[in-house]
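First residue of the sequence shown: 1, per our numbering; consecutive thereafter.
Take the hints with a grain of salt, since some may be wrong.
[Said to hold, decoys possible] Straight-line C-alpha distance at most 27 Å; calculated DSSO-like pairs for lysine-lysine: (1) 148 to 206; (2) 205 to 219; (3) 237 to 205; (4) 219 to 192; (5) 206 to 119; (6) 11 to 102; (7) 237 to 222; (8) 71 to 205; (9) 172 to 237; (10) 104 to 71; (11) 148 to 42; (12) 192 to 205; (13) 119 to 148; (14) 248 to 206; (15) 42 to 202; (16) 192 to 102; (17) 206 to 104; (18) 245 to 192; (19) 202 to 192; (20) 102 to 148; (21) 102 to 172; (22) 172 to 222; (23) 192 to 206.
Just so you know, these hints were derived from the structure itself, not from any lab.
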Amino acid sequence: MRYNYSQGLIKGNVHSLESFGLVDGPGVRYVVFLQGCALRCKYCHNPETWSVEGGSSWTARQLFDKVYRFKDYWRDNGGITVSGGEPLLQLAFLTEFFALAKEKNIHTAIDTAGQPFSKDDQWLERFSNLMELTDLVILDIKEWSSEKHRSLTGMGNDNIKDMAVWLSEHGKDMWIRHVLVPGLTDDEEDLKNIGEFISTLKTVKKVEILPYHAFGVPKWEKLGIDYELGDKQVPTKEEIERAEKLIKAH
């Protein structure tokens, strides 16, 4: 299929590239990390992606031509995943990039926290255009209550829940992820509420509990940012299994 918006001339700000991703969607993925994110997650392992500045500038065509060289790794079950930062901050660039991918029948996925989602008519039209070219959305649900989400990330999450509902209503496949931080994002009632919410969504294909880790701490230190979770431990196997049971109980 040919798409009208696949000239590939729009420029995007790219943080980094990973040619052999195994956990960012089905199969082997080429993962593109875009620059810029409005959230300030306390456990973020890529704080250097927060600023919209930095990274390197690519046109969608330049980036696709580079990525496409690795097509032999993907075979029939892999593809391209765009992550961040927050990829939905660069809708126009991402749409052109995915249009080029779809001309080659490549599976496309977006790894997002959903924060930019808006019901504004103009924004939603642009988002809908992108979703026509997107096979899978990997969506983070970081907390259940908007208040706790604001404490964790600096912003509420009502619009993120709205995005999950929109995706479900429009038949878009989703993977849902939740980062488990002992003593922070492991409240029993919150996990049950997340699970109940997921059960109302019609297109969720996979639910993942991601264990907290502190691999990003050196980046925070390099940037001179205070890391508040220094006393948090990696969750145990039992804690992960408990969270999985609570979320998947519905």
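A quick look at each hint next to the structure:
no. : hint       : result
1   : 148 to 206 : 24 Å, holds
2   : 205 to 219 : 33 Å, violated
3   : 237 to 205 : 23 Å, holds
4   : 219 to 192 : 33 Å, violated
5   : 206 to 119 : 26 Å, holds
6   : 11 to 102  : 18 Å, holds
7   : 237 to 222 : 31 Å, violated
8   : 71 to 205  : 25 Å, holds
9   : 172 to 237 : 31 Å, violated
10  : 104 to 71  : 10 Å, holds
11  : 148 to 42  : 12 Å, holds
12  : 192 to 205 : 18 Å, holds
13  : 119 to 148 : 23 Å, holds
14  : 248 to 206 : 10 Å, holds
15  : 42 to 202  : 31 Å, violated
16  : 192 to 102 : 37 Å, violated
17  : 206 to 104 : 26 Å, holds
18  : 245 to 192 : 9 Å, holds
19  : 202 to 192 : 18 Å, holds
20  : 102 to 148 : 38 Å, violated
21  : 102 to 172 : 16 Å, holds
22  : 172 to 222 : 39 Å, violated
23  : 192 to 206 : 17 Å, holds
The earlier numbered hints that this structure contradicts are 2, 4, 7, 9, 15, 16, 20, 22.
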